[in-house]
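A.B. asks: Each chain, letter by letter, is given below.
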Amino acid sequence: MSTAHLDNFTDEMEHDDHDHHEQSFISKYIFSQDHKVIAKQFLISGIIWAIIGGLLSVIFRLQLGFPDMDMAWLRPLLGQWINIDAATGLGKLDTEFYLALVTMHGTIMVFFVLTAGLSGTFSNFLIPLQIGARDMASGFMNMLSYWFFFASSMIMFASFFISTGPASGSWVIYPPLSALPQSMSGAGLGMTLWLVAMALFIVSTLLGGINYIATIINLRTDGMSFTKLPLTIWAFFLTAIIGLLSFPVLLSAALLLILDRSFGTSFYLSEIYIGGEALPNMGGSPILFQHLFWFLGHPEVYIVLLPSLGITSEIISTNSRKPIFGYKAMIGSMMAIAILSFVVWAHHMFVSGMNPFAGSIFMLLTLIIAVPSAIKAFNYITTLWKGNIIFTPAMMFSIGLVSFFISGGVTGIFLGNAALDIQLHDTYFVTAHFHLVMGSAAFFGMIAGVYHWFPKMFGRMMDRKLGYIHFWTSFIGIYLIFFPMHYIGIAGFPRRYYSFTNFDAFSTFTDLNAFISVAAIATFVAQLIFVFNFFYSIFKGKRATQNPWDSTTLEWTTPIEPGHGNWPGPIPKVYRWPYDYSKPGAKEDFIMQTVPYAQTPESNLPHEQELAGLEGKDDNAIKVD
Amino acid sequence: MQNLLLGASVVLILVILFMIYKLSTLIGVVKGTKSDKEVGSNTINAILMLAFLIVGSIAAVWSAVSYFDLYDIPVASEHGVKTDSMFWVTMWITGAAFVITHILLFYFAFKYRYKKDAKAMYYPDNHKLEIIWTVVPAVVLTILIGYGLTVWNDITDTAPEEAEVVEIMGAQFAWRVRYPGADNALGTYDYRKIDASNAFGIDLSDKNSHDDFVPREIHLPKGKPVLLKIRARDVLHSVYLPQFRVKMDAVPGMPTQFWFVPTKSTADMRAETGNNDFNYELACAEICGKGHFSMRMIVVVDEPADYDKWKKSQQTWLSQNPEYLSQVPEELQEVAMLSAGIEENESKDSSL
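Heads up: the sequence lines are chains X and L, in that order. Counting in our numbering, the final residue of the first sequence is number 625, and the numbers go up one at a time with none missing. Counting in our numbering, the final residue of the second sequence is number 352, and the numbers go up one at a time with none missing.
Simulated from the structure, these hints should not be mistaken for laboratory data. Just so you know, these numbers come straight off a predicted model, no measurement behind them. A virtual CB, placed ideally from N, CA and C, is assigned to each residue, including glycine. Treat each hint with caution, since some may be false.
[Claimed, not checked] PhoX-like cross-link-like pairs, simulated, lysine-lysine; straight-line CA separation at most 20 Å:
no. : chain 1 : residue 1 : chain 2 : residue 2
1   : L       : Lys111    : X       : Lys386
2   : L       : Lys115    : X       : Lys386
3   : L       : Lys207    : L       : Lys193
4   : L       : Lys119    : X       : Lys386
5   : L       : Lys119    : X       : Lys587
6   : L       : Lys116    : X       : Lys587
7   : L       : Lys312    : L       : Lys224
8   : X       : Lys386    : L       : Lys128
9   : X       : Lys587    : L       : Lys115
10  : L       : Lys229    : L       : Lys207
11  : L       : Lys224    : X       : Lys386
[As the list claims (entries may be wrong)] Between beta-carbon pairs, the in silico distance windows are:
no. : chain 1 : residue 1 : chain 2 : residue 2 : range
12  : X       : Ala87     : L       : Arg192    : 36 to 44 Å
13  : L       : Gln327    : X       : Met282    : 17 to 25 Å
14  : L       : Ser326    : X       : Leu288    : 32 to 40 Å
15  : L       : Arg192    : X       : Ile30     : 50 to 58 Å
16  : L       : Ile100    : X       : Phe140    : 49 to 57 Å
17  : L       : Trp62     : X       : Gly275    : 25 to 33 Å
Can you make the complete structure from the sequences, with help from the hints?
C.D. replies: So, in structure tokens, the structure goes:
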């Protein structure tokens, strides 16, 4: 069935070559159904969102680091959100807008950059190329996925420009704060737009996810069994499954919130007296929302992280010139993480008022998830051991990811412990923890992926030296931001505080907060090096070769700039796993997946030698015409 | 301190930029030897990896030591001592894992940098090794889980019978507290009875409510268990007492609670910290709107005798708001005036 489909496709392809009718600009670049173009659309949208999200953090870091600063100079940008103090004439950031900045920074980074920008880019780009498919299972759904994301983006972006400001109840939008417009100005229209945007976003994610799963299951090329898939594909596959199972729960949580907001229901509301009146709502539970939210919210952490782990596994193996250590253990760990990610959600709720016994169970399950994570870290390190490491920028960002994954991972052991979480919950310790393990690690994975697959995307190379500068400034910068932040967290400073001047207990660390802000701004500026390098190299970068990193996977068998359908001729057949680097006896230090064992008797292991004899017996399946 | 840190990082960044600049000239020299890979920069990046490990370790240790007194905030509750020591045990265990893995990560990156004649070792797996590093973290985590569960179960166990009960209510943007008064029982409440004066929605048809009092500060007795009964009036809040290691969300429609034993009076803490202005503070730890950062209330821990004296000196809420007597059912009004301590009426009542 699928073979027939492929044959047809190839026929059409060849047919196209003869006729060569030009696609219009719109169908080629705008409403494109080609997975590579869609991937680039996601990537560029993600980069734009990352700049916006980063800028927001710069503004609130200014407030946190320099609370006495005159912000009147930001009035041209922020307008009414800078209040001019009548007495002193100083410009002050509006307290509610501060919360809106924090909220939008979180929402944008988690969903728009590290979910859509990351999975959307690399799942789309790499799945067909690495499994040997002409395109996604449904190009049309894939196109819809991007345009739902685009619509969602536009609505979220529009919410910055309304008079009551964007959503401001933090990215977790806990009701009743998010349900009652009278509780804060951002809970009005801004919140409505947030919910609409997120609903569209979820549709986009589901359309994408279904496609990724269907493509990986059905369209693998001949010989590409699941045990020959690169770890990137395994990561995208599991990520898509997690997303498919968890995002609908967020949609239902949001739907019930919409009903509470606009239709007078009481799913999350009970016994509330606000704005001088007692509301009629009875019997609802704000805790219900938290359960539903974190049922997505926690798997979401892994939706963000797993693709980066997959990407960096591939990059570290390639650039260490070694097979990834423990390929099956890596898959097993990812599967364990994917399953466990669904049963740990309530560790975000130890002090929510949930039954403490439930807390015990979730603590147990949460700390179990540390085991597969530890295995992954050890396997990364062992892959470096006795390698022959080439420090491409992608490789360095991957090593940076491993470092962040460990640094942020160990603090998870504190936070997963319910008794320790009492003190640490909602302090800067949490902020530092997840910015390292999920934010920075996932971000580094994404950046690594861009450096690594840029030649495949655009047929040109990104500048190495700028890449190194980008790496070192980002890597050091991120540690300078988030390492000291742990101290502030251990000291008990709560998150989402506009300023700490009201409390004696939080009056220390003004110097460190200023330091963190300076580091954050510097790190943000350093990202502009990447932005420049990225856009400059698209047009002026050095021409890429077909396989610039001497990698083994299928995407490097396509032409330098693969056209529609990816391979001009038949799709190559796969014979071996993707990590045959530095195999003893081999002529080169890598053997492509497309090389049959029969051609490499000098390097075959005993069981591979047996396979060599069986090769070529059923070659007809893939033969075209 | 800040200047030092700033200076150090600026120097580090400058050094790196300089090395990368130098490297670009080196590349120019070596160029052409391996056109596709351009590995001339490898050694420098490898050295920088090692340098990062060394400089980073120094910076981490130095900052951890020099800021220690600032982040090691004093603890003033019984369970807080336990969680603090567990915190440091966890710190040493995870710290060891953190240090070892980072040394290996950066050292391997440095040691196994590309060399022209070297060949990587084909080492796809080693089941023994993998089993070891699955089992070791599993065992360590099991110990930490057991330890954590014991402490957690103790903390969340039912409060002792004799615990002092204090009701804390979060509202945008202030905390309010209510004490049960002489009968040691809080009166029931109904959120529909809330108005400008009756912020708690005290239900005066419950006779337990008549002697309740609503002070401006929280007072707690030293050395006695205290049970906080926590609720919220509008949105989520979270009761957060940093020195007592107490945090519990305040949820509208769902009362929560937390009990603990304060071990140091405010005076004790002033002596310990050498700060005569020291006060315990109650903060909000769950985002609740624009005034989230300003929900502060002073907490005073007294010696038990002083606490009793303070408690006796408090006027009941009903006596402060005598107009609410009308909400008390007829048959309870006498008792209500008695227990609320409304004096001018007392004589009239007894004459009847």
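A.B. asks: Identify every previously stated hint that the structure contradicts and give their numbers, smallest first.
C.D. replies: Violated hints (numbers, rising): 11 and 17; every other hint is consistent with the structure.
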